[in-house]
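Participant: Residues per chain are reported as follows:
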Amino acid sequence: MAIFILKRIGLALITLWILSVIVFLAGQVLPGDPGRFVLGPLAAPSAVHALDHTFGTDRSVPTQYWSWISHFVQGDMGKSYTYQSAVAPIVIKALGYSLKLALFVFVIVVPLGIAGGVWAALAAGKPRDRIISVIGASSTVIPELVSGIILIVVFGIALNVLPISATAPPGAGLPTQLYHLILPAIPLVLILFGYIMQMARAGTIEALNSDYARTAILKGLPRRTVIWRHILRNSLLPTITVVATQVGYLIGGLVIVETLFHYQGVGSLIVTAATGRDFPMLEAGILVIGVVFMVATLVADILYSLLNPRIRYQAAE
Amino acid sequence: MSIDTIPIESTAAIRTGQHELRRELLHELLRSEAFLAGAAILLFWILAAVLGQALVPQDPYAQNLGIINQAPSGAHWFGTDQLGRDMFSRVIVGARDILIVAPLATLIGTVLGTALGLVMGFLRGPTDDILSRFVEAFLALPVVIIGILGVTALGPSKGTLIAVIGVIFAPLIARTVRTAVLLERELDYVPAARLRGEGSLYIMFVEILPNVLPPVVVEFTVRLGYAVFAIVTLTFLGFGIGPPSPNWGLDIFTNYGVVSAGYWWEVLFDALAIATLVIGVNLVANSIQQAIEQ
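Just so you know, the protein sequences line up as chains A and B, in that order.
Counting with the working numbering, you get residues 44 to 360 for the letters of the first sequence.
Counting with the working numbering, you get residues 172 to 465 for the letters of the second sequence.
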C-alpha cells in the first residue's frame with residue numbers, strides 16, 4: 044500500500060513538473076518582451092531594458108525557469124506586474140474564495156446526485172428512472188454561460204429575488220455570503236448533477252445485479268438492509284472517483300461563473316491576469332490550480348484503493 | 172496466436188462487409204428520433220451560417236444610434252443592442268464564426284490525437300510512458316484555462332483559437348485512441364502483418380487505424396460539442412474572436428454590462444442560440460455513439 048501511494052505521488056510530481064515547464068514557456072517565452080508591454084510602444088529602449096532587468100527577464104530561459112520554480116516551491120510566487128506586489132497572498136486569498144464556492148457546490152450536488160442516482164436505479168427502466176435520467180443528461184450539456192445568463196435574467200432581473208453579484212457586502216455573515224452564492228452555484232450544480240447521478244445510477248444497478256446482492260436477498264434479509272449495507276457501499280465506489288475528477292472541471296467552470304457573477308476567486312483572477320498580461324500572476328494562478336487538481340486526483344486514487352481491495356492487490360503485484 | 176487461425180478472406184469480401192455495416196449504421200441513425208432532431212437543429216444553424224447575411228431582415232453590422240437598447244418588437248424581433256444593431260440578425264449571422272472554428276479545431280485535434288494515440292498504444296514502453304506524462308499534465312488543467320494561456324501567449328485571432336483548441340483536444344482524444352489500440356494490437360492480424368514484413372508505420376496507419384475508427388468518430392462528434400462550448404466561453408471571457416463580428420460569445424461579452432439595467436434581450440437570445448447548437452450537436456453525437464455500440 045505504501046509503495047502504491049509513493050508511486051502515485053511520484054507520478055503526480057513528474058506531471059506537475061511538466062506542467063510547470065509548459066506554463067512557464069507559454070507565460071514567459073512566447074509572449075515576448077514584458078518590459079516593452081508594460082511601458083508601451085513609445086518607451087525608450089533603455090527604459091525597457093532597465094525594467095526587463097528588474098523583472099529578471101533579460102536572463103537565459105533555463106536560469107529564469109530555475110529561479111522561478113525554486114522560489115515558487117518555497118511559497119514565493121514572484122511579483123505581479125499590475126499590482127507591483129507579491130503574487131502569493133493575492134492568489135491564496137482568491138483560492139480561499141473559490142474553495143468556498145466550490146465547497147458550497149459540492150455540499151449541494153454530491154448528496155443530491157447520489158440520492159438521485161440511487162433512487163433512479165431502484166426503479167430502473169420505470170418512468171421515475173427515465174425522468175431523472177433525462178434531467179441528468181440534459182443538465183450536463185448546457186454550458187454554464189448559458190444557464191448562468193438564463194438564471195440571471197429570470198431570478199435576478201425579471202423576478203428580482205436573488206442577488207446577481209456573488210460578492211456579499213463587506214462584513215456580511217456566513218448566511219448572507221451563502222445567499223449571494225446561490226445563483227452562481229446553480230450552473231455548476233446542474234452540470235455536476237448529471238455526472239454524479241449517472242455514475243451512482245450505474246454503480247447501483249451493477250451492485251443490484253451482483254451475486255452478493257442476490258445472495259443477501261435470497262438469505263431473507265429485508266430490502267432496506269440489503270440496500271444500505273450491501274449495495275450502497277459498492278455503488279458509491281465509482282462515484283468517489285467521479286467526484287474527484289470533477290474537481291478539475293469545477294475549476295474550469297469557476298472561471299466562467301466567477302466572471303459572470305463578479306466573484307473574486309482564482310478563476311476571475313486568472314482572467315484578469317491574462318487580460319492585463321500579468322504573467323507572474325497568470326502562471327502562479329494556473330500552477331496552483333494544477334496542484335489542487337493533482338492533490339484531488341491523488342486523494343481519490345488512494346481513497347478508491349482503500350475502499351476497493353482489488354485495486355490494492357493489483358498495484359502490489 | 173498461431174498463424175493458421177487467421178481467416179482467409181478476399182479484401183473485396185471484407186470491403187462489402189464494411190459497406191453493409193455502414194449502410195446499417197445509417198439506417199439505424201435515420202430511425203432515431205434524437206438523431207433526426209439533432210440533425211435538424213444543426214442543419215438550421217449551418218444554413219444560417221452559410222446564407223445568414225442574405226436571409227436576415229437587417230444588416231447585422233448597421234448601427235443606428237436612434238434606436239439603441241430597444242426591447243423586442245415587431246420591427247426588431249430580438250430587440251436592438253447598445254449600438255442600435257438588430258439582435259435577431261446578429262444572432263442568426265453569429266452562427267458563422269462558430270461553425271467555421273469549431274469543426275476545424277475539432278478536426279485538428281482528432282487528427283493529432285489519433286496519431287498520438289496510435290503511437291502511444293502501439294509502441295508502448297518508454298515512448299508511451301513519456302507521452303503519457305505530457306498528456307496527463309495537459310489534462311490536469313481545465314480546457315478553458317489552457318485556452319486562456321494559449322490565446323494570451325499567441326495573440327487572439329480565429330487561427331489561434333483553432334490551433335489552441337485543436338492542441339487541447341489532441342491529448343484527450345489520444346487517451347481514448349490509445350486504449351482502443353492497446354486492445355487491437357493483441358489481435359492476430361497484427362503479428363500476421365509483421366510476418367508479412369510490414370513496417371510499424373504501415374501496421375499503425377493501414378492495419379490498426381481502420382479498426383479504431385468507430386471510437387474516433389464518436390470522439391469527434393462529442394468533442395465538437397465541447398469545441399462550441401470552449402469557443403463561446405473563451406470569446407465571452409475576451410479571449411476569442413474580436414469585434415465587430417457578430418458572434419454569440421462576443422455579443423454576451425459586450426452586452427453583459429447592461430443586463431442589470433434590464434436589457435436582458437441583448438444576451439438571452441445569444442445564450443439560447445448557444446444552447447440549441449450544443450444540444451443539437453449532443454443529440455447527434457449520442458445517437459452516433461449508440462448506433463456504433465450496437
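No wet-lab data here; the hints were simulated from the structure.
Treat the hints with care, as some may be off.
[Stated by the list, open to error] Sample of chain B residues with no beta-carbon within 12 Å of chain A, all distances over it, derived:
(1) LEU207
(2) ALA211
(3) VAL221
(4) ALA233
(5) ARG304
(6) ASN457
(7) GLU464
[What the hints assert, rightly or not] Some chain B residues close to chain A (C-beta under 10 Å, calculated; not the full set):
(8) PHE259
(9) GLY420
(10) VAL430
(11) TRP435
(12) TRP436
[Unchecked claim] Restraint ranges, calculated between C-beta atoms of paired labels, are given here:
(13) A:VAL197 - B:TYR373: 57 to 65 Å
(14) A:ALA87 - B:GLY413: 37 to 45 Å
(15) B:ALA211 - A:TRP271: 40 to 48 Å
(16) A:ALA87 - B:PRO274: 43 to 51 Å
Each residue gets a CB set at the ideal place from its N, CA and C atoms; glycine is no exception.
Participant: Does B:ASN457 clear chain A by more than 12 Å, comparing its Cβ with all Cβ atoms of that chain?
Facilitator: violated (8 Å)
Participant: Is the shortest C-beta separation between B:GLY420 and chain A less than 10 Å?
Facilitator: holds (8 Å)
Participant: Taking the CB of A:VAL197 and the CB of B:TYR373, does the distance hold inside 57 to 65 Å?
Facilitator: Distance hint for A:VAL197, B:TYR373 holds at roughly 58 Å.
Participant: Mind verifying the non-interface call on B:LEU207? Its CB should be farther than 12 Å from each CB in chain A.
Facilitator: The assertion about B:LEU207 holds, with a minimum of 18 Å to chain A.
Participant: Would the hint on B:TRP435 be counted as holding, given a Cβ-Cβ threshold of 10 Å to chain A?
Facilitator: holds (4 Å)
Participant: Would B:GLU464 pass as off the interface with chain A, using Cβ distances and a cut of 12 Å?
Facilitator: holds (15 Å)
Participant: Measuring from the C-beta of B:PHE259 to each C-beta in chain A, is the shortest one below 10 Å?
Facilitator: With a closest approach of 17 Å, the B:PHE259 hint is violated.
Participant: Holds or violated: is the Cβ of B:ALA211 farther than 12 Å from all Cβ atoms of chain A?
Facilitator: Given that every Cβ of chain A is farther than 12 Å from that of B:ALA211, nearest at about 17 Å, it holds.
Participant: Would you check whether B:TRP436 satisfies its interface hint, that is, whether its CB is within less than 10 Å of any CB in chain A?
Facilitator: Interface hint status for B:TRP436: holds (9 Å vs cutoff 10 Å).
Participant: Do A:ALA87 and B:PRO274 keep their Cβ atoms within the hinted range of 43 to 51 Å?
Facilitator: holds (47 Å)
Participant: Checking hints one by one. Is B:VAL430 an interface residue toward chain A, by the C-beta closer than 10 Å rule?
Facilitator: holds (6 Å)
Participant: Classify the label on B:ALA233 as holds or violated, using whether its beta-carbon is more than 12 Å from each beta-carbon of chain A.
Facilitator: holds (25 Å)
The structure fails to meet hints 5, 6, 8 and 14 from the earlier list, while all remaining hints are met.
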